[in-house]
Amino acid sequence: MSKAKGFTLIEVLVALAVIAIAMGAAMKATLASTNNAIELKSRTAAGWVAQNRLNELAALGAWPDIGTTSGAESQAGMDFVWRVETGGSPNRSFRRIEIKVFSAGESQHAAATLVSYLAHVPH
8 MSKAKGFTLI EVLVALAVIA IAMGAAMKAT LASTNNAIEL KSRTAAGWVA
58 QNRLNELAAL GAWPDIGTTS GAESQAGMDF VWRVETGGSP NRSFRRIEIK
108 VFSAGESQHA AATLVSYLAH VPH
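Under our numbering, think of the first position of the sequence shown as 8, with each following residue one higher.
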């Protein structure tokens, strides 16, 4: 009687267990990568919203009042809420502008923050 060639049941089960563990790790890495890509897209679009707000303030040419304003805007198919805090600075010819952009429904953690200064140019 000749010995049959091939794998034993134990060898096949061990190989399947190793493959299952490897596939689980690969799925976890893929999920993390997808979540990071979504977060990056959201933060990039929020940064654009903040830059747009600053550019609009600069383009208006008006001296902004000290205080807080807020609004909503869509960018790249996502909805955001922004808050502009205008404050003074040691030099009275400048205003400190801090723009925080939040994903819609989020009010605690800003997706983007931009701080800049606007100069008052007398006409």
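Just so you know, the hints here were simulated from the structure itself, not pulled from any lab data. Where hints are given, some of them may not hold.
Ranges of calculated distance between the beta carbons of each label pair, as one might list FRET restraints [said to hold, decoys possible]:
(1) Ala65 / Ala44: 27 to 33 Å
(2) Leu47 / Ala79: 18 to 24 Å
(3) Pro129 / Asn43: 45 to 51 Å
(4) Pro97 / Ile45: 39 to 45 Å
(5) Ala69 / Ala32: 52 to 58 Å
(6) Arg103 / Pro129: 18 to 24 Å
(7) Ile73 / Ile28: 55 to 61 Å
(8) Ala27 / Thr120: 42 to 48 Å
(9) Thr15 / Ala39: 32 to 38 Å
(10) Ala39 / Ala66: 38 to 44 Å
(11) Lys48 / Val122: 20 to 26 Å
(12) Arg99 / Ala39: 47 to 53 Å
(13) Gly95 / Leu47: 30 to 36 Å
(14) Glu92 / Thr41: 32 to 38 Å
Calculated lysine to aspartate or glutamate pairs in the EDC-like style (CA-CA distance at most 20 Å, straight line) [claimed, not checked]:
(15) Lys48 / Asp86
(16) Lys48 / Glu80
(17) Lys48 / Glu92
(18) Lys35 / Glu46
Please read these numbers as outputs of a predicted model, since none were measured by experiment. We put the CB at the ideal spot given by N, CA and C, even for glycine.
Status of the hints after comparison with the structure:
Here the CB-CB span from Ala65 to Ala44 is close to 32 Å, well matched to the stated 27 to 33 Å. Separation of Leu47 from Ala79 is about 22 Å and conforms to the stated range, judged on CB atoms against 18 to 24 Å. Evaluation of the 45 to 51 Å hint for Pro129 and Asn43 yields a pass: the beta carbon distance comes to about 48 Å. The supplied range of 39 to 45 Å is met by Pro97 and Ile45, whose beta-carbon atoms lie about 41 Å from each other.
For Ala69 and Ala32, the hinted distance range of 52 to 58 Å is satisfied, since their beta carbons lie about 56 Å from each other. For Arg103 and Pro129, the Cβ-Cβ distance of about 19 Å falls inside the hinted range of 18 to 24 Å, so the restraint holds. A C-beta distance of roughly 60 Å is found between Ile73 and Ile28, which places it inside the suggested range of 55 to 61 Å. The beta-carbon spacing between Ala27 and Thr120, approximately 44 Å, falls within the hinted interval of 42 to 48 Å.
Thr15 and Ala39 have their C-beta atoms about 37 Å apart, which keeps the hinted 32 to 38 Å range intact. Checking the proposed 38 to 44 Å range against Ala39 and Ala66 shows it holds: the Cβ atoms sit about 40 Å from each other. Checked against the given bound of 20 to 26 Å, the beta carbons of Lys48 and Val122, roughly 23 Å apart, stay inside it. Taking 47 to 53 Å as the suggested C-beta distance range, the pair Arg99 and Ala39 conforms, at roughly 49 Å.
Range check, Gly95 to Leu47: about 35 Å between beta-carbon atoms, so the 30 to 36 Å window is met. Taken as a hint, the range 32 to 38 Å holds for the pair Glu92 and Thr41, whose Cβ atoms sit roughly 34 Å apart. Proximity of Lys48 to Asp86 is assessed by CA-CA distance (about 12 Å); at most 20 Å being required, the pair is judged to hold. Restraint check: the Cα-Cα separation between Lys48 and Glu80 comes to about 16 Å, which is no more than 20 Å; the hinted pair holds.
This hinted pair does not check out: Lys48 and Glu92 have alpha carbons roughly 25 Å apart, beyond 20 Å. The hinted pair formed by Lys35 and Glu46 meets the criterion: a straight-line CA distance of about 17 Å does not exceed 20 Å.
Hint check: a violation occurs at hint 17 only; the rest are consistent with the structure.
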